[in-house]
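Number of protein chains: 4
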Amino acid sequence: MNKKKIFNDPVYGFVTIPTELLFDLIEHSYFQRLRRIQQLGLTMFVYPGALHTRFHHALGAMHLMSLALRTLKDKGVAITAREGEAAQAAILLHDIGHGPLSHALERSIFHGVDHEQISLHLMRKLNAEFDGALDLAIEIFQGTYHRPFFHQLVSSQLDMDRLDYLNRDSFYTGVQEGRPGADRLIKMLTVVDEKLVLEEKAVYSIENFLVSRRLMYWQVYLHKTVTSAEQMIIRIMQRAQELTRAGHKVPASPALHFFLAKAVTQVDFETDDAILRRFTRLDDTDVWSAVKLWADHPDKVLNYLSQSILDRHLFKISLQTEPFDADFQIGIVELIAERFGLTHTDAAQLMIAGRISNNAYDADGQDTIDVLTKRGRVVNVAEASDLPNIKALGQRVEKHYICYPKEIL
Amino acid sequence: MNKKKIFNDPVYGFVTIPTELLFDLIEHSYFQRLRRIQQLGLTMFVYPGALHTRFHHALGAMHLMSLALRTLKDKGVAITAREGEAAQAAILLHDIGHGPLSHALERSIFHGVDHEQISLHLMRKLNAEFDGALDLAIEIFQGTYHRPFFHQLVSSQLDMDRLDYLNRDSFYTGVQEGRPGADRLIKMLTVVDEKLVLEEKAVYSIENFLVSRRLMYWQVYLHKTVTSAEQMIIRIMQRAQELTRAGHKVPASPALHFFLAKAVTQVDFETDDAILRRFTRLDDTDVWSAVKLWADHPDKVLNYLSQSILDRHLFKISLQTEPFDADFQIGIVELIAERFGLTHTDAAQLMIAGRISNNAYDADGQDTIDVLTKRGRVVNVAEASDLPNIKALGQRVEKHYICYPKEIL
Amino acid sequence: MNKKKIFNDPVYGFVTIPTELLFDLIEHSYFQRLRRIQQLGLTMFVYPGALHTRFHHALGAMHLMSLALRTLKDKGVAITAREGEAAQAAILLHDIGHGPLSHALERSIFHGVDHEQISLHLMRKLNAEFDGALDLAIEIFQGTYHRPFFHQLVSSQLDMDRLDYLNRDSFYTGVQEGRPGADRLIKMLTVVDEKLVLEEKAVYSIENFLVSRRLMYWQVYLHKTVTSAEQMIIRIMQRAQELTRAGHKVPASPALHFFLAKAVTQVDFETDDAILRRFTRLDDTDVWSAVKLWADHPDKVLNYLSQSILDRHLFKISLQTEPFDADFQIGIVELIAERFGLTHTDAAQLMIAGRISNNAYDADGQDTIDVLTKRGRVVNVAEASDLPNIKALGQRVEKHYICYPKEIL
Amino acid sequence: MNKKKIFNDPVYGFVTIPTELLFDLIEHSYFQRLRRIQQLGLTMFVYPGALHTRFHHALGAMHLMSLALRTLKDKGVAITAREGEAAQAAILLHDIGHGPLSHALERSIFHGVDHEQISLHLMRKLNAEFDGALDLAIEIFQGTYHRPFFHQLVSSQLDMDRLDYLNRDSFYTGVQEGRPGADRLIKMLTVVDEKLVLEEKAVYSIENFLVSRRLMYWQVYLHKTVTSAEQMIIRIMQRAQELTRAGHKVPASPALHFFLAKAVTQVDFETDDAILRRFTRLDDTDVWSAVKLWADHPDKVLNYLSQSILDRHLFKISLQTEPFDADFQIGIVELIAERFGLTHTDAAQLMIAGRISNNAYDADGQDTIDVLTKRGRVVNVAEASDLPNIKALGQRVEKHYICYPKEIL
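Residue numbers (the UniProt record's numbering), protein chains in the order written: chain D, 1 to 409; chain C, 1 to 409; chain R, 1 to 409; chain A, 1 to 409.
Hints in this document: simulated from the structure, not taken from any laboratory. Some hints could be false.
Same chains, same names: a pair is fine if it fits in one copy or spans any two.
What the hints assert, rightly or not - With a straight-line cut-off of 20 Å between C-alpha atoms, the simulated SDA-like cross-links for lysine to any residue are:
#: 1; residue 1: K195; residue 2: A133
#: 2; residue 1: K391; residue 2: N358
#: 3; residue 1: K5; residue 2: V77
#: 4; residue 1: K125; residue 2: D272
#: 5; residue 1: K374; residue 2: L409
#: 6; residue 1: K125; residue 2: H257
#: 7; residue 1: K374; residue 2: F324
#: 8; residue 1: K73; residue 2: P18
#: 9; residue 1: K201; residue 2: G143
#: 10; residue 1: K316; residue 2: G331
#: 11; residue 1: K249; residue 2: K262
#: 12; residue 1: K5; residue 2: L67
#: 13; residue 1: K125; residue 2: D327
#: 14; residue 1: K125; residue 2: H115
#: 15; residue 1: K125; residue 2: F45
#: 16; residue 1: K201; residue 2: N358
#: 17; residue 1: K399; residue 2: T373
#: 18; residue 1: K195; residue 2: Q117
#: 19; residue 1: K374; residue 2: I138
None of the values given here were measured: they were computed from a predicted structure.
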């Protein structure tokens, strides 16, 4: 069979799957599961076009990796066919450990379990199935391969993951200002001492990338309505978990029920294959079908939250730079208790306070974006001349939010 | 509250919701349900970006309607604010009666129930809720309003529904040749004797629209792999229905179970509110979560089909212009019976033969696309000069297919 | 020096110049001249964005050639580096013999001189300069190379020239329906018996390409206002030529003056290097600067036409399927004579009658578009099943026009 | 005649000319002249697609103005039809006083003459022709109208001029990161105390706009190769001027010759109609046709520079943050003198040193970009919270360059 398949990507046009191994990985049920996990979870409530999946993102990141590798080879960087395939496999599988709704459940039923660790664990399982064909991909993913630029292409402050998700998320949300300028950035990539750097003339493109990324954070990922919806689904899952563990009947698919009923740890995942098997059957479908069932659940908190999110009847959300006053929060809870006829404890479940924050560039850590000056020096882009404001991009911006039912207004 | 909301549409940019009534309709749970029904059902197995929903399509069609109305008004066609809002409400709600997976279930569990009739029925329910605010929208939808061009904008061979779905489907699949050229076509619209016509200079754009539409049919909607996947899901639902009605336990959400267990007719829908209530809780989520459960069902046919579609392990499909020979079909069934250890009757469930067909333009019916010649005559575009091949577009193309498990090859 | 240059093309993104020879050809003054020749001549009067040049088109066609060659190589067609470079050089230079305003002057001062012959002649001159490096490119251009598919990629009914100009012209005019779907068509190319064919599944894309091309003809290239402007500039050049040859003083650049004063033949070009030298200094600049001077010329016909075209005060144009009646034409001339105070002979210069025609596909000639059926046969696309209307696309559509000053209305 | 014309803009799609006055202004020969003045002058040597004209830009800015006015009206700002038309006329004509090559000649033959003053002067002439129909447009253009937001829409740090040119220049160069996000910015406009402000949630869009604009400056407008070409054309015009004024024969069109021979001042323009008449006949055509003639001029400096720019044989250019050392400059001149056999004085003409600089946002002047906070305060965006780096955008970046013939390397 011809495995050199081509598929249509509205973002990049025709995309080719370059090798048989990559084709077989895509065909695997672990990877096909990503078709059922949306990249942006609840964002669709604000941006109705943003329904794209982890599956599509992974394919796109693989495509950008192939462009990056071609650029590097054209510039004389020696890259073997095996290294190239491994780098593409690593990026293809980098998100394979994501649970339903991408991030939301990490803060509820998968508390304490890191999706990157699960990705790694699943890659090892696949490696066993494919007789070690993923050895090098795993090294690259972990950052233990002796040529660090491969890992940086997979995971760094300017990796193919970010370039694809910014490209794709801005495309599907329609927020065109969020486009990162991936084409130009990739053309500017090069390697010095086995590390990834960009040609100096890329500085404006890097700044534009960082600013676009920040815009995407505040306009999309941390959009106030999106934040409200995400907090609601987190609260739904937490409530379902509490009720289940307290012995109440909470209908759910077998896979979801398992994780509602039992707290699992990272170690559990890695030692108990039954857990992994359940995990690999879990996707957005389980969450939404459960929420639909829970809209009829006798528990008032669970049914109110479930019905509300189905009808996009979202919590009112307010943002401010200071934390919300404790008295103010108590007042809100009292209003909820009264309006909904709930106990204080239950009413508190319908008020959510928290914090969102983002910095556009982490200039001080290990993983900086480096440029190669015309004189041959490698410097952190924040130190490169001409751009007084890249440093400023390093400052963290933080906001406090509070959400609660509109009915109390 | 400000109900003049704006949302981002990757296809059209910023789109405004023009009136409070339209805003309230969009907020209604009947309409929010469309968020959970994909426009193109199984097409995502071939075009991974094609995940857009009926919700988004309905908003887009409403937007094109507003552009069409503005063009007509600029050309001196008198249109009242009430008529304009009604036309937009009619197109907004035209698909509200769609069931899960858009069309596939019409050929299984909703056999004999017409989605347009359900749309009409739901519009009447909404009309009651909104105290008659939809009276005129319903007239327009049904084609009983005395100014037929409004109905033609909602439903005809060149309506805002088609222009939006071709625009949207070509955008999200990445099949750019499928773009219908909606902007230009809309600018060419005018009204003669209360009927919709296009200026004569639009003939090339009309031809291009018809050819693009045909391309979308064969490249997307009737793509062989999409056809294979659709036939599989139809077979899955039929099998689940048979098993349920035969008394076997077939897990499903309450809403889906209801329709698996009981054949409903158009009349049932219109007389029994409980049926409608169930229907309005049914969406793609119910189907996919059931399929996931059925992958473990004891029935071999059901579990094989369910697991296969989840893993995108699709039937091999062949197409030809002649029907497939009966002996050939029997041979296939025998191979399946042997390979899977099934009875003949069960094996026959894993072989599907059928027919797909399409004509680009129905030139002979009542509902033609008409142009206004420079001399003031209104003629069917197929009769307009200069385009020897529009007539040829009227010919129906038909293909026969057969699908079966790849394992028997 | 690094000659692996990259440039930005709004149509294709980043485009790489693949070899040093190609880079050096682009740098040559013969090729740089194409920067001063607009691809679409007078079309800018209707589509103000359509200012792109032969220079840009040639680079774009070279880019599509590189994509086509890569596709063929991926499908196992053996193509040497030398063949690949030659094919790219051939397409890069295919338009190098174009005179100012692309086509208009071919019907006036270059009457009887074929631009393709001049391209060939210039390629031979360049070949001498580059020590025979263009030997193979010239064979491919002429169609004498023993592997005809290379010539077909340069010049046939589905060549890289057409794909680029349709892409580019639709982009810069904003007529999006004119996009030919080049990406998909190129992916479908293959070679059978050294001839270019397309995979059978390309039939819908081919039809779409032919229909888009026809749309571009009638909407852009033969647009009535464009036709009017082109006829005016042709008449201007003819008048200037007559006056010059009759001994009147008609200011012009030395290069333009030469061709106004003296009729040259194909043979002259090929035997007299001085003529070629003059030709290679001629571009749109010469025409427009002369027209500006001629707006003050004492000859009434010349100054009226020149001032009019500068101010976009264009002739009224009418189109019909029948030729315009001789009496009607005489009547127009009389009105012009009266209105402008001209003799009949001069007035006749301000009335232009003619004919435009186009057929979307020449199905009967030698150069057909062929597809490879699944059964391995190569057939003319017009014979391929499923598309009743491709044959109809072969019919020629013809229109008669008449243009004259608006002042007589 | 129907003057409600529509034209195709590749950047915005279909654009409507809203009133008869605007249509008549566009038809005027003063405005048609802008068809022959490229927006970006020499930029085409780096970005071959960047051939768009002042004509197209002015139409685009008028279109954005109509979008901005519609947004403001939708938000309840009272705008009369007369004000709306005047604002559109003002932006349509804002560049009508531009000379050939947009900016380059301002630094040579139009030294000391301000193009905005000429625009104003031409607007007054048009106003006389149109019987005072431009009274209000002129007030708005000058900033004397009592509702300052109209002037701010025409000319400020976030005006429709900038939004269009950034949109258009990024489109035609292919530098997609330069897109300013005009749609969203316009939707965020509002008016407080008759001044233009943006809603607070626009802060990320404003930052993105400023960063995109800076990127366009360094990547396009001040691109080193563009700078080199611009300096060459300036030097060409200066040399031609010197030679002409020294009595040498320097062929040129009558209009260009006039300005080469005679220094004109602002006052001359405003008092001598003959000067204005000559100016309104001057465009890019005059410059390029003269440069073509000058390639054969006996003056070595003039012919070398002219032939070089025609063949895109551009000066080598170096940039640095410090000024270039005087001794280094003298050394360069000596090398030129030797290599070209020129006197020192003449050789110095082939060496150009200078300075380019840009700041992304002028935060301290009168004309700030202001946002309206949720609490109803109007503040400079640089003072708005959340964006530590907008202040940094105010810093001016400056670079020194030196250019000279590649032959001396």
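Status of the hints after comparison with the structure:
In this assembly of identical chains, the alpha carbons of K195 and A133 never lie at most 20 Å apart, being 25 Å within a copy and 40 Å across copies at closest. Taking the shortest Cα distances, K391 and N358 sit within 20 Å of each other both inside one copy (15 Å) and across copies (19 Å). In this homomeric assembly, K5 and V77 come within 20 Å of each other (Cα to Cα) only across copies, at 18 Å, whereas the closest approach inside a single copy is 27 Å. With identical chains, the CA atoms of K125 and D272 are at most 20 Å apart within one copy only, with a shortest distance of 13 Å there and 52 Å across copies.
Taking the closest pair of Cα atoms, K374 and L409 come within 20 Å of each other only across two copies (19 Å); inside a single copy the shortest separation is 60 Å, beyond that limit. Proximity of K125 and H257 under a CA criterion of 20 Å is satisfied in neither setting, with 24 Å inside one chain copy and 37 Å between copies. Taking CA atoms no more than 20 Å apart as the test, K374 paired with F324 passes between copies only; the shortest distance there is 17 Å, against 50 Å inside one copy. In the homo-oligomer, the alpha carbons of K73 and P18 lie at most 20 Å apart both inside one protomer (16 Å) and across protomers (14 Å), since each shortest distance falls under that limit.
In the homo-oligomer, the alpha carbons of K201 and G143 never lie at most 20 Å apart, since the shortest distance is 28 Å inside one protomer and 40 Å across protomers. In this homomeric assembly, K316 and G331 come within 20 Å of each other (Cα to Cα) only inside a single copy, at 15 Å, whereas the closest approach across copies is 63 Å. For the homomeric pair K249 and K262, the shortest alpha-carbon distance inside one copy (14 Å) is at most 20 Å, but the shortest distance between copies (27 Å) is not. Proximity of K5 and L67 under a CA criterion of 20 Å is satisfied in both settings, with 17 Å inside one chain copy and 17 Å between copies.
For a Cα distance limit of 20 Å, the shortest separation of K125 from D327 qualifies neither inside one copy, at 51 Å, nor across copies, at 45 Å. Taking the closest pair of Cα atoms, K125 and H115 come within 20 Å of each other only inside a single copy of the chain (15 Å); across copies the shortest separation is 46 Å, beyond that limit. Taking identical chains as interchangeable, the C-alpha atoms of K125 and F45 are never at most 20 Å apart, the minima being 36 Å within one chain and 25 Å between chains. Taking CA atoms no more than 20 Å apart as the test, K201 paired with N358 passes between copies only; the shortest distance there is 16 Å, against 27 Å inside one copy.
Taking CA atoms no more than 20 Å apart as the test, K399 paired with T373 passes between copies only; the shortest distance there is 16 Å, against 37 Å inside one copy. For a Cα distance limit of 20 Å, the shortest separation of K195 from Q117 qualifies neither inside one copy, at 24 Å, nor across copies, at 53 Å. In the homo-oligomer, the alpha carbons of K374 and I138 never lie at most 20 Å apart, since the shortest distance is 35 Å inside one protomer and 41 Å across protomers.
Violation of the numbered hints given earlier is confined to hints 1, 6, 9, 13, 15, 18, 19; the remaining hints are satisfied by the structure.
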